[in-house]
Amino acid sequence: MENTKSWEPKILAFLCNWCSYAGADLAGTSRNQYPPNIRVIRVPCSGRVNPLFILKALQGGIDGVLVSGCHPGDCHYLTGNYIGRRKSATFKRFLEYLGIEEGRVQFSWVSAAEGVKFSQVITEVTNDIRKLGPAKRLVKKSEELGVRSFPDP
Amino acid sequence: MREKAEELLAKKAVDLIIGFGEGSLPLRATPLFIRTPEEADQLIWNSFCDNNLATYLHKFNRFKIGIVVKGCDARSVTALALEKRFQPDQVVLIGVPCQRMVDRRKVKKAAKGEILRSREEGELIIIEGDGFKSSLKRDDFLYTSCKACLHRNPVQANILVGEPVQESGLAEAYPDAREFENMAPEERWRFFEKETRRCIRCYACREACPMCYCAECFVDSSIPKWIEKGLSPSDLQFYHVVRAYHQTGRCTACGACERACPMEIPLVYLTQKLNQEVSELFDFEAGADSKRLPPLSTYDVEDKQEFIK
Amino acid sequence: MKLNPARLSKKDLAPFLKGLAKDYDLYAPVRLTDGVSVLKKVEPSDEIDLGSNPQKGLKEVFFPQWEVMFQYEAVERRSRVASMEAVPRERVVLGARPCDIQAISILDDVFVGKEFTDTYYLQKRQKTTVIGLACHEPCSTCFCSSMGGGPFHREGSDLLLIDLGDAYLVEFLTEKGKAFRKNEFLKKATAKEMALAKEIEGQASKKTNASVPVGGIDKKLDQMLESPLWNRIHEKCIGCGACTLLCPTCHCFDIADEALDKGGRRVRNWDSCLFPLYSLETSGHNPRPSGRERTRQRLMHKFNYFPKNFKKIACVGCGRCILYCPVNFDIRHAIEMIQKEEGATAL
Chain A
1 MENTKSWEPK
11 ILAFLCNWCS
21 YAGADLAGTS
31 RNQYPPNIRV
41 IRVPCSGRVN
51 PLFILKALQG
61 GIDGVLVSGC
71 HPGDCHYLTG
81 NYIGRRKSAT
91 FKRFLEYLGI
101 EEGRVQFSWV
111 SAAEGVKFSQ
121 VITEVTNDIR
131 KLGPAKRLVK
141 KSEELGVRSF
151 PDP
Chain B
1 MREKAEELLA
11 KKAVDLIIGF
21 GEGSLPLRAT
31 PLFIRTPEEA
41 DQLIWNSFCD
51 NNLATYLHKF
61 NRFKIGIVVK
71 GCDARSVTAL
81 ALEKRFQPDQ
91 VVLIGVPCQR
101 MVDRRKVKKA
111 AKGEILRSRE
121 EGELIIIEGD
131 GFKSSLKRDD
141 FLYTSCKACL
151 HRNPVQANIL
161 VGEPVQESGL
171 AEAYPDAREF
181 ENMAPEERWR
191 FFEKETRRCI
201 RCYACREACP
211 MCYCAECFVD
221 SSIPKWIEKG
231 LSPSDLQFYH
241 VVRAYHQTGR
251 CTACGACERA
261 CPMEIPLVYL
271 TQKLNQEVSE
281 LFDFEAGADS
291 KRLPPLSTYD
301 VEDKQEFIK
Chain C
1 MKLNPARLSK
11 KDLAPFLKGL
21 AKDYDLYAPV
31 RLTDGVSVLK
41 KVEPSDEIDL
51 GSNPQKGLKE
61 VFFPQWEVMF
71 QYEAVERRSR
81 VASMEAVPRE
91 RVVLGARPCD
101 IQAISILDDV
111 FVGKEFTDTY
121 YLQKRQKTTV
131 IGLACHEPCS
141 TCFCSSMGGG
151 PFHREGSDLL
161 LIDLGDAYLV
171 EFLTEKGKAF
181 RKNEFLKKAT
191 AKEMALAKEI
201 EGQASKKTNA
211 SVPVGGIDKK
221 LDQMLESPLW
231 NRIHEKCIGC
241 GACTLLCPTC
251 HCFDIADEAL
261 DKGGRRVRNW
271 DSCLFPLYSL
281 ETSGHNPRPS
291 GRERTRQRLM
301 HKFNYFPKNF
311 KKIACVGCGR
321 CILYCPVNFD
331 IRHAIEMIQK
341 EEGATAL
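Protein chains in written order, with the numbering used here: chain A, 1 to 153; chain B, 1 to 309; chain C, 1 to 347.
It cannot be assumed that every hint is accurate.
[Unchecked claim] Computed list of lysine-lysine pairs in DSSO-like fashion (alpha-carbon distance at most 30 Å, straight line): (1) Lys87(A) <-> Lys309(B); (2) Lys194(B) <-> Lys182(C); (3) Lys194(B) <-> Lys340(C); (4) Lys41(C) <-> Lys178(C).
Hints listed in this document are in silico derivations from the structure and should not be mistaken for laboratory results.
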């Protein structure tokens, strides 16, 4: 149950360990402010992110997903982010084709030295999601089966 | 076709031929498995040979197989060969240039009662039932995927049976995807939601598809458990998004998925979009080139990334 | 006391249903799209399609494809559990076909046993009145008459509707059914209408296939467990499970626990013996490792194991598996092949 006046977007951020996660750390130590709406999941590489993670997140009620990795050419595993780039491109287009709002799922390259860029990206993404409103498509509702609310004790 | 099949079996060039035989119902053909030259007489070919027989290659990959293929099926075999599902010289393709297959459901809906007998005569399908007989133009009753087909000739075939047909000059490729994209996002979602809601998780789409062969499908995974086994609408959407997405760069637009569905859920518009993406982004078409790696298992340093912040 | 049949004018059908909805939850074939319908609880926006034979039939009413068995919730430092088998309102099913109704007697054998009873099934069963709809235009794929049933098979229905054209003849078959005799829309049927119904019944009974050779098939199969027939018969089956899910007698299920945020629920879902996961054991061993064993299992269960346990063949000849199989696997042919197989004695 959300009160739309005080609704805050919940955003999941998959950050690659070597670049984006370090970039987030740098934003933190430099005291660069960014909105507190993200929940971070550290992954070894942006290429590790399985599109099913994104779907599962949306199903669970997450309002937005960000996948962030190393710049092309800088991947710690050399080519992981290139593979990730192809997955991201095809999956993002497919989701938008089905009607998932454009902007719910976003992608970025943030290096370990780009603390400022990290805060900027998070601020932008959070504002985008705030404008889109709470995610309603694909969300799994527990009332689906006509499960009645609990009888009073 | 029967001659070629007989020859192959007599020479023992193959252990088994997978083709089509007479169905037990009007408007149907059925997959046929023959092992001796004498059985070659049972092979048929008509506008109802709509299964993609490449899906059987996984079951029989210990044998040398001859397989009857249309344009789309031949590409599926090429795509499977690329994924190393069988040895290169194990499969002999008996290619038939495709006249495009007729959607028996559309025909049934146009009939005045239950169809008891049917036959083809040139460009017509003659259907008969209790108290009615009609002639229908076959081109008015083609499958969605056949209407959009750009590769009816099985160019990779080892043996070609019949004259190559003229490829249809479609003004635009991927017509169903384009039509779907014309709708607003909310409309698209509502359509997808409404159509997937009647899914009964029978997995006919998955089993009919030659490219679905995972030893453990994601729906059966319990660690992690992606979706439940029931009919939660959200899970049904999840299933269809992922099943289609797993075909990225692998689907040959044969339409077997949509034809297999007992609940008549449209599916071709999903994979058609992915085929369009893969063509636009990576200039790739599944099964067309037996040397190019599937797009999601490789990369190009110059790939587009305008969508990445 | 045998009641004379009544008649329900088709013009009165809508107000009749509306009246029923006041006291009962109504279940009827609902159109989902052109050519597809399922028997389900009728919501206000649903389109009832009585003339259709739904893909998912009567089985769904008593044994739904997914149902919550119980749910639990964390409350403060304890948890509470609520079991979900209670059926709050009486139900009426309208438009069930005689084949589906015959299948329920098979499901009754499974779920309502002497020793063990499935309360989820039983509660629904006890609270439901079944209004059957006789098949006046059977399909050529129907072979109910070969399986001990028929297009006008009455056993299992509380009331039977017979389509006369502009009205239905309504037969009262059980005490539960007779409770409807006072319904304002059920008027007296004329002798002419009753005669017409008999005529329709006679014609319909001729149309269904009564010659599928199931006589003695269970004994025949006793000798055939390792028959080479199984090596050939399974080849074209792709193992999709559509036949088992649409079959009115198939009843395999799977129970799963779903964790939701502050609690969870235990859910029962349909399963299929044709899925490899169904018989996969935790060790990794699968006693039915390939399509050959699974196809064999399906046919043996229907025509050998079930008759051994319950003296009934677990098939009612509805023809859905024949109509919807993506590769046109025809169970009638399978039966014929089994009966013809040499090297085994048939009685």
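| message | Are any of the numbered hints broken by this structure? If so, which, sorted upward? | response | Going through the list in order, the structure violates hints 2, 3 and respects the others.
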